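Enquirer: Using the hints provided, position chain B relative to the given structure of chain A.
Protein chains in written order, with the working numbering: chain A, 55 to 361; chain B, 55 to 361.
Since the hints were made in silico from the structure, they are not lab data.
Note that the structure is predicted; figures quoted are calculated from it, not measured.
By construction, the Cβ of each residue, glycine as well, lies at the ideal position given by its N, Cα and C atoms.
A few of these clues could be false.
Computed beta-carbon distance windows for the label pairs [to be verified]: (1) Trp242(B) x Lys200(A): 56 to 64 angstroms; (2) Lys273(B) x Ala80(A): 46 to 54 angstroms; (3) Lys166(B) x Lys274(A): 50 to 58 angstroms; (4) Lys274(B) x Lys274(A): 30 to 38 angstroms.
Protein chains: 2
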Amino acid sequence: MKTRNSAVDVWMVGSIGIDDVQTRTANRKNLLGGSLPFATAAASFFARVGAVGVVGSDFPCSFERRWGAFGIDLQGVQRQAGATFRWACRYDDNMIERTTLKTELGVFADFKPVLPEAYKKAPFVLLGNIQPDLQLHVLNQSVGAKFVALDTMNLWIDIAKPSLLKVLKRVDLLALNDGEARQLTGRWNLRDCASALLKLGPSYVIIKKGEHGALLFSKKGLFIVPAYPVERLKDPTGAGDSYAGALMGYLANAGKVDEKTLREALIYASVLASFGVEGFSLESLEHLTQADIRVRSSELKRIISVK
Amino acid sequence: MKTRNSAVDVWMVGSIGIDDVQTRTANRKNLLGGSLPFATAAASFFARVGAVGVVGSDFPCSFERRWGAFGIDLQGVQRQAGATFRWACRYDDNMIERTTLKTELGVFADFKPVLPEAYKKAPFVLLGNIQPDLQLHVLNQSVGAKFVALDTMNLWIDIAKPSLLKVLKRVDLLALNDGEARQLTGRWNLRDCASALLKLGPSYVIIKKGEHGALLFSKKGLFIVPAYPVERLKDPTGAGDSYAGALMGYLANAGKVDEKTLREALIYASVLASFGVEGFSLESLEHLTQADIRVRSSELKRIISVK
Numbered sequence: 055m056k057t058r059n060s061a062v063d064v065w066m067v068g069s070i071g072i073d074d075v076q077t078r079t080a081n082r083k084n085l086l087g088g089s090l091p092f093a094t095a096a097a098s099f100f101a102r103v104g105a106v107g108v109v110g111s112d113f114p115c116s117f118e119r120r121w122g123a124f125g126i127d128l129q130g131v132q133r134q135a136g137a138t139f140r141w142a143c144r145y146d147d148n149m150i151e152r153t154t155l156k157t158e159l160g161v162f163a164d165f166k167p168v169l170p171e172a173y174k175k176a177p178f179v180l181l182g183n184i185q186p187d188l189q190l191h192v193l194n195q196s197v198g199a200k201f202v203a204l205d206t207m208n209l210w211i212d213i214a215k216p217s218l219l220k221v222l223k224r225v226d227l228l229a230l231n232d233g234e235a236r237q238l239t240g241r242w243n244l245r246d247c248a249s250a251l252l253k254l255g256p257s258y259v260i261i262k263k264g265e266h267g268a269l270l271f272s273k274k275g276l277f278i279v280p281a282y283p284v285e286r287l288k289d290p291t292g293a294g295d296s297y298a299g300a301l302m303g304y305l306a307n308a309g310k311v312d313e314k315t316l317r318e319a320l321i322y323a324s325v326l327a328s329f330g331v332e333g334f335s336l337e338s339l340e341h342l343t344q345a346d347i348r349v350r351s352s353e354l355k356r357i358i359s360v361k
Numbered sequence: 055m056k057t058r059n060s061a062v063d064v065w066m067v068g069s070i071g072i073d074d075v076q077t078r079t080a081n082r083k084n085l086l087g088g089s090l091p092f093a094t095a096a097a098s099f100f101a102r103v104g105a106v107g108v109v110g111s112d113f114p115c116s117f118e119r120r121w122g123a124f125g126i127d128l129q130g131v132q133r134q135a136g137a138t139f140r141w142a143c144r145y146d147d148n149m150i151e152r153t154t155l156k157t158e159l160g161v162f163a164d165f166k167p168v169l170p171e172a173y174k175k176a177p178f179v180l181l182g183n184i185q186p187d188l189q190l191h192v193l194n195q196s197v198g199a200k201f202v203a204l205d206t207m208n209l210w211i212d213i214a215k216p217s218l219l220k221v222l223k224r225v226d227l228l229a230l231n232d233g234e235a236r237q238l239t240g241r242w243n244l245r246d247c248a249s250a251l252l253k254l255g256p257s258y259v260i261i262k263k264g265e266h267g268a269l270l271f272s273k274k275g276l277f278i279v280p281a282y283p284v285e286r287l288k289d290p291t292g293a294g295d296s297y298a299g300a301l302m303g304y305l306a307n308a309g310k311v312d313e314k315t316l317r318e319a320l321i322y323a324s325v326l327a328s329f330g331v332e333g334f335s336l337e338s339l340e341h342l343t344q345a346d347i348r349v350r351s352s353e354l355k356r357i358i359s360v361k
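Pulled out of the complex, with its shape left as it was, chain A reads as follows (with noise of 0.2 angstroms):
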């Protein structure tokens, strides 16, 4: 797909999908979706971003149109010929619970990422949601990684969990929701899942709570931050994406990573995630602007502050 003439601060791996999804207000199908567009879409606020992944022959030039309007560089993006992944969910009223529709793999099946040329000498990487395999198949491909991010779901912890202890050892950062933090290390304290996960490799786990938000634990401490409280939930998918394509955008563009440029991630990582579940698929980051970006940062800061 698309080439950006520049090299990129960051690349992510993930899927790429088109979903149909049900809340009890909107039946929406045929959306942009899979962790990759959310990623990057979040990510391209504040960071020059790559993609990797796959797409079937079946995908819309209008998507790759409205995906690349974030600035985000596709090369990365492999078209195949078959079916593009497909994923169908119908949301609890509470819109938190969800229950699966449908799932068909289509190209995403025998996926085998390969990294751009212009992208191996970036130094943050964000390994997304993809058969932990394939996270270190592409990861090997880098010359210049430096901080390495990885996201994970409870499938491979249930059916590949060997290969992702081996990737773990690779990664800086591990993000997880906190039901898989429990799953993988057999124990139910946060504060305990954090002690075995940082004995893994990653030297920063982040497990998320969804909407009561992050803890964010290192060998040096603890921060935790709440989800930004959303008034117009509209559609929850992606939210974990947006959410950790944020924070690998934010610490790209600051360049280091340190416990307050991390604090500070998480901020804008709650704030993007916040905005993006305020529509369905990338349609209200579509129309986010830094100032949107810069006004919710600040009330979240204020909501959070003692003082």
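Expert: Using the frame of chain A, we list chain B on its own:
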């Protein structure tokens, strides 16, 4: 019961019980429980506290001694012929959900709270979780109440909503958990719940989310504070009561209520609740020092600070 010679800063009304508590690793019987001991004990670290409640003739002197050792004025605690309120529960392995095994009201069924003369001018009041008509009955005996907080539970929303709405008109701060906020307002989004609750009388609404922390809503803004992440959770019973008690004790000591003082108060409330759940009954609060509180409140402030 015991009389102090000095006036109190804050008085609190609530239940006093003898509890049996089962957890995965322990089975403890005949513990001092009920909302009032937890709330007053937590408050006692900050202010001079008076207690209003009732016990039966079977209430052990040792309980009275241990409770009074916090320096709490117990002259508002009536001793009546009959059995003390008894309650038993079993916690699930996750220590969040619990099953109530026994509720025997005893003398609590005919409780008519009487406010001692020495409490009548106290400016701060916590109407703990008892039947709303009784909350109003005891509040009407006060002549000096300037800042009244109310804690409630799902039972009263179910069976005494008109009375609850009546007393809410007299209340400055309402504390309740997320489920109760949704039940009372019929809304799901917590911001919507808070808007509705603020129209019922209180200037401040605190929505408690247990291990996920609490949200403070007022016309002036929103403050979100996580729970202090406890490592050695032994017994969650009374956490919400310690929380409310510490909050009111802190405010009573400050002698004023503004946004900044309230935010500080929520930090200390979270800290006291976190200590409380590290032991059964009042056991861990009994060993608590001002230094412990200082250390943990500083730690919690660091945990939530972006800088």
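Enquirer: Give a verdict on every hint.
Expert: We went through each hint and held it up to the structure:
For Trp242(B) and Lys200(A), the hinted distance range of 56 to 64 angstroms is not satisfied, since their beta carbons lie about 43 angstroms from each other. Taking the beta carbon of each, Lys273(B) and Ala80(A) are about 32 angstroms apart, not inside 46 to 54 angstroms as hinted. Separated by about 56 angstroms at the C-beta atoms, Lys166(B) and Lys274(A) satisfy the suggested range of 50 to 58 angstroms. Our hint of 30 to 38 angstroms for Lys274(B) and Lys274(A) holds, since their Cβ atoms are close to 34 angstroms apart.
The structure fails to meet hints 1 and 2 from the earlier list, while all remaining hints are met.
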